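Visitor: Construct all of the structure, not just a fragment, from the sequences and the given hints.
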Amino acid sequence: MFGDYSLGDLGAIFAMQGFAGLILFSVYVLMALGLAVIFGQMGVINMAHGEFMILGAYVTYLCSTFFQTHLPGLFGIYFFVAMILAFLASGALGMIVEWTLIRHLYKRPLDTLLATWGLSLILQQSYRTIFGAREVGVELPSWLIGSVQVTDTIEVPINGLFVMAITTLITVGVGLLMYRSRFGQQVRAVMQNRPMAGAVGIDTEKVDRYTFGLGCGIAGIAGSAFTMIGSTGPTSGQLYIVDTFLIVVFGGAASLLGTIASAFSISQTQSTLEFFLSGSTAKVLTLLAVVGILMVRPQGLFTLKVRR
Amino acid sequence: MAADNEHGPHSALRRKLLMGLASIPAMAMMPRSAFAAAPPTSAVNTTGLAVTDTEVTVGILHSATGTMAISETGSIQAEKLAIAQINEMGGVLGRKIKVIQEDGASDWPTFAEKAKKLLVNDHCAAVMGCWTSASRKAALPVFEQYNGLLYYPTFYEGLEQSKNVIYTGQEATQQILESLNWVTKEKGAKTFFFIGSDYIWPRTSNKIARKHIENVLKTKVVGEEYFPLGHTQFNSVINKIKLTKPDVIFTDVVGGSNVAFYKQLKAAGIDLSKQTLLTISVTEDEIDGIGGDNIAGAYSCMKYFQSLKNANNEKFVAAFHKMWGEKTVIGDVTQAAYLGPFLWKMACEKAGSFDVDKVVAASPDIEFKEAPEGYVKIHPNHHLWSKTRVAKALPSGQFEIVYESPALIEPNPFPKGYQ
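Chains as they are written, first to last, in the numbering used here: chain A, -9 to 298; chain B, 82 to 500.
Note that these hints are calculated values from the structure, not bench results.
Nothing false has been slipped in among the hints.
Reference excerpt, derived from the structure (chain B facing chain A, CB under 7 Å, subset only):
#: 1; residue: E306
#: 2; residue: N320
#: 3; residue: V340
#: 4; residue: A341
Since the model is a prediction, treat every value here as computed from it, not as a measurement.
Glycine included, every Cβ here is placed at the ideal spot set by N, Cα and C.
Guide: And the structure:
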């Protein structure tokens, strides 16, 4: 397939392919970060993660229509407002769900799987009732559309770069919050030893609620960002859930660094294979590799050393 | 699985009970049959269908919930509109149509189960329904076993012909060949790149397209790619397109992937006003989700577009908007679904009966001159003669028709040399 191309052309294609891999990496990290917080730190299997993402997407959709009709002058910056609102909306819903549903199930981790799956069905049907069964189109401000011309032949999509920037920002933010703040210390303490954390005066219930809310809020931001590259419909969340779990489990559930490493390796494998083979084959080979590695290393790439 | 075993005897008993109950109102009505101007029920219904002196029952079987609700909602709306219009005109053989709607819930076994319910419990004279090929394949054995009648609206891959199904959408050759000829002639296309979702319809359609390109047009397919349903990342394949520089990108990507594909294509700087893209999977319904700006300039190939200019279509669009709201768009399948009830009505009237065998026998060569798409005729192979149109997507979300096949195209579900 490379026979007729000059070295320059090939160089350009490989550079663009590199960017494609990096963009996929950012998308995966953004997708998985919220779940890494919830599943990794709290051990809750949140099957409704995709639906929390889509809530963020719908908030973005509402924002875009609101700005278009009422504040057309500020349309250029609506996306930032939308992302903040998406975080708040998904986070608030997350905290409500934690309070009404999840907190009764901490001692029965497998039941959270069923409960949150049911929740995901309820949310999907609610979206369908409120927003209609058809997908909605989210208008983007003009500066997010198109690509940057790096050289004559190399073009990089702007929204890809935007996703990369958001991902970096949020990952650093979550990292700082988890490993440098008092809240993060409490979260990790509760995760490692709940009774002991309670004994030293940490309000474990409150920590749980905020952690779950944080994870869902990040999902909301991810959903908001994905309106640029994907679809927004009642069941769009389902498109992400499998990849998301794959990344978190492969990375080692309790490790943020593991999530990043796993997103990186899976995205690079996927995008390279997709380029040289076909789409479906690439997916099959990637999944096979993941299954193979998990058989040898069931705990995932990175594990936290905890005294049990 | 245990639930299934428990289910057996109960449901048989229930069925008997229901049948008994159902016959009570029918018996009560018998003496009153004298005043109806319509032919007597005993004459038009010899096989125990749900037909009374004033009513005939028809089923609607689509997904109102689940993934496919996105697409199937339009079909449900069109069928209800058609039935409402038929009832206004006085019904079929003097009987108003009563609708029983069931939800296939985007789950193929549910389609089979609900089809059985509609035929065995409700004795529907006809069923308008199914959307994906998978749901049709699941329900087909039920229709054949209980001798039901299904009107199936979606354009599909062909390779099927059942006595119990009338296919009101196009089969693959009708949709594809004409558009490939057009793109070759108009755009001088020499090389094609295929991108599809990975299931039977895109694979079969692309196979037909490839045969036509290689054997008839004598041009070349430079790439063929399939992605799992729900795939959302297309940057790698877009790079591949940039590398191979095909004259035409030929796509049959569906669902959420469709939206992601066009958004990323646009973001990657592929300008559809310069790069020809021909799709067989984008109607007005899909553009709603994709966004008109993202797909403007692409060519879609269907038998019907909302913007079609003829008196039938203007009436249809106005009636549709009056019933379902001004903003609702009408895609190819929605229009095909609208044909179903009318074709059934005409077949019943030609046969003078609701009996499935007689209606099926009367169906070939039935013409529907008021069809929004212009004119259709049922072929003896149960598909429709129809025209194929190529249209360019506009930023508004509508299409501008640029080509229409001069004559009706004969349906050919088992094309020789294309398999």
